[in-house]
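First to last, the protein sequences are chains U and W. Number 19 in our numbering belongs to position 18 of the first sequence; there are no gaps in the numbering. Number 47 in our numbering belongs to position 46 of the second sequence; there are no gaps in the numbering.
Mixed in with the good hints there might be a few duds.
Same chains, same names: a pair is fine if it fits in one copy or spans any two.
[Unchecked claim] Taking lysine-lysine pairs in the DSBU-like style, the calculated list, with each CA pair at most 35 Å apart, reads:
1. K111 - K242
2. K32 - K56
3. K56 - K130
4. K325 - K296
5. K111 - K325
6. K111 - K296
7. K352 - K273
8. K356 - K56
9. K56 - K46
10. K111 - K130
11. K32 - K273
12. K46 - K111
13. K356 - K130
14. K242 - K56
Honestly, the hints are just simulated from the structure, not real lab data. What you are looking at is a predicted structure, and each value in this text was computed from that prediction instead of being measured.
There are 2 protein chains.
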Amino acid sequence: MALVVQKYGGSSVGSVERIQAVAKRVQQTVKAGNSLVVVVSAMGKTTDGLVSLAKEISSNPSRREMDMLLSTGEQVSIALLTMALQELGQDAISLTGAQVGIVTEAAHSKARILEISPDRLQRHLQEGKVIVVAGFQGISNTSELEITTLGRGGSDTSAVALAAAIKADYCEIYTDVPGILTTDPRLVPNAQLLREITANEMLELASLGAKVLHPRAVEIARNYGVDLVVRSSWSDDPGTKVLCPPIQARPLTDLELTRPVDAVEFDLDQAKVSLWRVPDRPGIAAHLFGEISQKNIDIDLIIQSIHEGNTNDIACTVTRAEAKRTEAVAVAIIPSLQGEATTPVEVMVEKDIAKIAIAGAGMIGRPGIAAKCLIP
Amino acid sequence: MALVVQKYGGSSVGSVERIQAVAKRVQQTVKAGNSLVVVVSAMGKTTDGLVSLAKEISSNPSRREMDMLLSTGEQVSIALLTMALQELGQDAISLTGAQVGIVTEAAHSKARILEISPDRLQRHLQEGKVIVVAGFQGISNTSELEITTLGRGGSDTSAVALAAAIKADYCEIYTDVPGILTTDPRLVPNAQLLREITANEMLELASLGAKVLHPRAVEIARNYGVDLVVRSSWSDDPGTKVLCPPIQARPLTDLELTRPVDAVEFDLDQAKVSLWRVPDRPGIAAHLFGEISQKNIDIDLIIQSIHEGNTNDIACTVTRAEAKRTEAVAVAIIPSLQGEATTPVEVMVEKDIAKIAIAGAGMIGRPGIAAKCLIP
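In isolation and in its complexed conformation, chain U is listed as follows (with noise of 0.2 Å):
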């Protein structure tokens, strides 16, 4: 018996079909013996239509009134869903971002949870109800009920946050993909499906765009400690575990408010290598890296400059150590860069550099952070 949170995204949901398979799913997984809080989002194109009706009204809408408007459509899926489980005999309740008490900052459109009351949530449970959640919304304030969306990736980040309140044993999230992919198989067909991968390098995942779960509910999993799983709606494939470490208990406040940068590290032994004005051709970087990498040179950033005109600068950089070897590997391969430039290519070496790395997933939708860390 385990007390599972479960979360179904707007495909999921998209008809009234898909949502008595939802309700199915989730009565099969109360039969095995768990208690259940079930996470929904809008159903299908329903967010994109509200969208659109306020586009034709407003070219920039107050975000207050768009969070009025968006966290209806979670509100039908809630219904619908809680009306398909009792239609199949199963007790279940619905609840909206409010009635569970989702307390978020103000920031309307792109909300931080602060804090989740789990009594209700914990009293319905011991009813024996399914408690159906509106995802993606809460409330910047107990008394007046302002209405805030979450912003990109909110259900997902409602899913896991509840986990953390009610101390679920884990956070099924439900889509339309088998599980985590090592990368998209729409480009690469041959991606393979992870099992299973920490909730750190889902975080790294995750933060390079990994669409499937978004890096603000991957940090609250690993920063509360709740086992998540990735899995298709529309299979029983186990689909892919993401496992968090072991943490110490912390207080339920300021949910989504810890730790926007993990660490910030700074590396001077590094050195920047320029070719300036190579000629813009696809097949240019490949011959030049590939060049460095014959004489082992290993390589860190890579940075590519677009100018007008056709042609580019390119630049890496390596360790100091490695710096005149690599500015000779540039200059020897000059002349079969230039081709038919007009301008001459030219190779500049640059020691006096630092790379500095902020790192933490909570930067994301959060601006002025890097401006803050670059305050001198």
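Place chain W on chain U using the hints.
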């Protein structure tokens, strides 16, 4: 400078263009120097669409979940109208029933309003904002925020109750007809527009089926002395004024629970004259009551029973003093009524009867009042 509540029904906000037209009208009212609370229904067929979705899932969905579902319709409208007002440069804010603090009974899908807190409304009005409130909805419980809907006539009821709560100078009900007509213009083309009507007369019309204003709304108007104006969203015609007699201030608690029954009246001076087995064809009743009126006899109630077969019973009540004369008229016309009927028409007189009238709009939608009045 007046404090005005305006209510726009579903067809008045049925499209983006109509919402924009409503916004212009609201802005004009503000520019004329008024403070404004606007109550809106769900857009056009939105509620019907949500009901169909629910019916696809369950033939008998839970009322709580229906309220959760249907209350989204008005929430969409308030957000869009507020955006349209802001787009015109008019400061505005949308509020759900929960945010206003419209507290109702717990009876889902037909809750009556108990209280409305004027505090937040007054604050936003002082800030110079137009307040756009979701009609038809409330909460049954200020801590659990259980969403209720008010049932039939809900948006009119919300508007008038809000007007009572903030002591508005008047409440305008915008609709798609020009005002209160003497009867249904679709059936009687020369129906007349009433320029004025008293709340008590309106209550009677509304109770008898005039659909343009719900009796619940009229009852609150009468009880709290809120003057109403019923007018068309599509013109500047003044419409119909529903005038309330001056009333003593009463507390804003149990708003809709006052007086389900206004009065029980009885009349012992009654006799019933019945004609049994009258042939069932048009003109018979006109013939009978024409003859009676020729004798200058006042008729009170007329009851017509529907038999199987081709005959019918017709009865009327008169004062006891007129019973004999009425009986004589009835007997006298039997031969002309008899016509081709095979069973004989018969006249019966009962003098041992009384008429009891139970009056009060509060009985509408509140089953059991008649039963209670009939307990011996």
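Hints versus structure:
1. K111 - K242: within (27 Å within a copy, 47 Å between copies)
2. K32 - K56: between (45 Å within a copy, 26 Å between copies)
3. K56 - K130: Between copies only: 22 Å across, 39 Å inside.
4. K325 - K296: within (12 Å within a copy, 127 Å between copies)
5. K111 - K325: The answer is neither: 48 Å in one copy and 82 Å across copies each exceed 35 Å.
6. K111 - K296: neither (48 Å within a copy, 81 Å between copies)
7. K352 - K273: Close inside one copy (6 Å), not across copies (114 Å); limit 35 Å.
8. K356 - K56: neither (43 Å within a copy, 61 Å between copies)
9. K56 - K46: both (15 Å within a copy, 21 Å between copies)
10. K111 - K130: Close inside one copy (31 Å) and across copies (25 Å); limit 35 Å.
11. K32 - K273: Answer is neither: 61 Å inside a copy and 65 Å across each miss the 35 Å cutoff.
12. K46 - K111: both (20 Å within a copy, 31 Å between copies)
13. K356 - K130: Neither. Shortest intra-copy (53 Å) and inter-copy (52 Å) distances fail the 35 Å Cα cut-off.
14. K242 - K56: neither (39 Å within a copy, 38 Å between copies)
Violated hints for the displayed structure, listed by number in ascending order: 5, 6, 8, 11, 13, 14.
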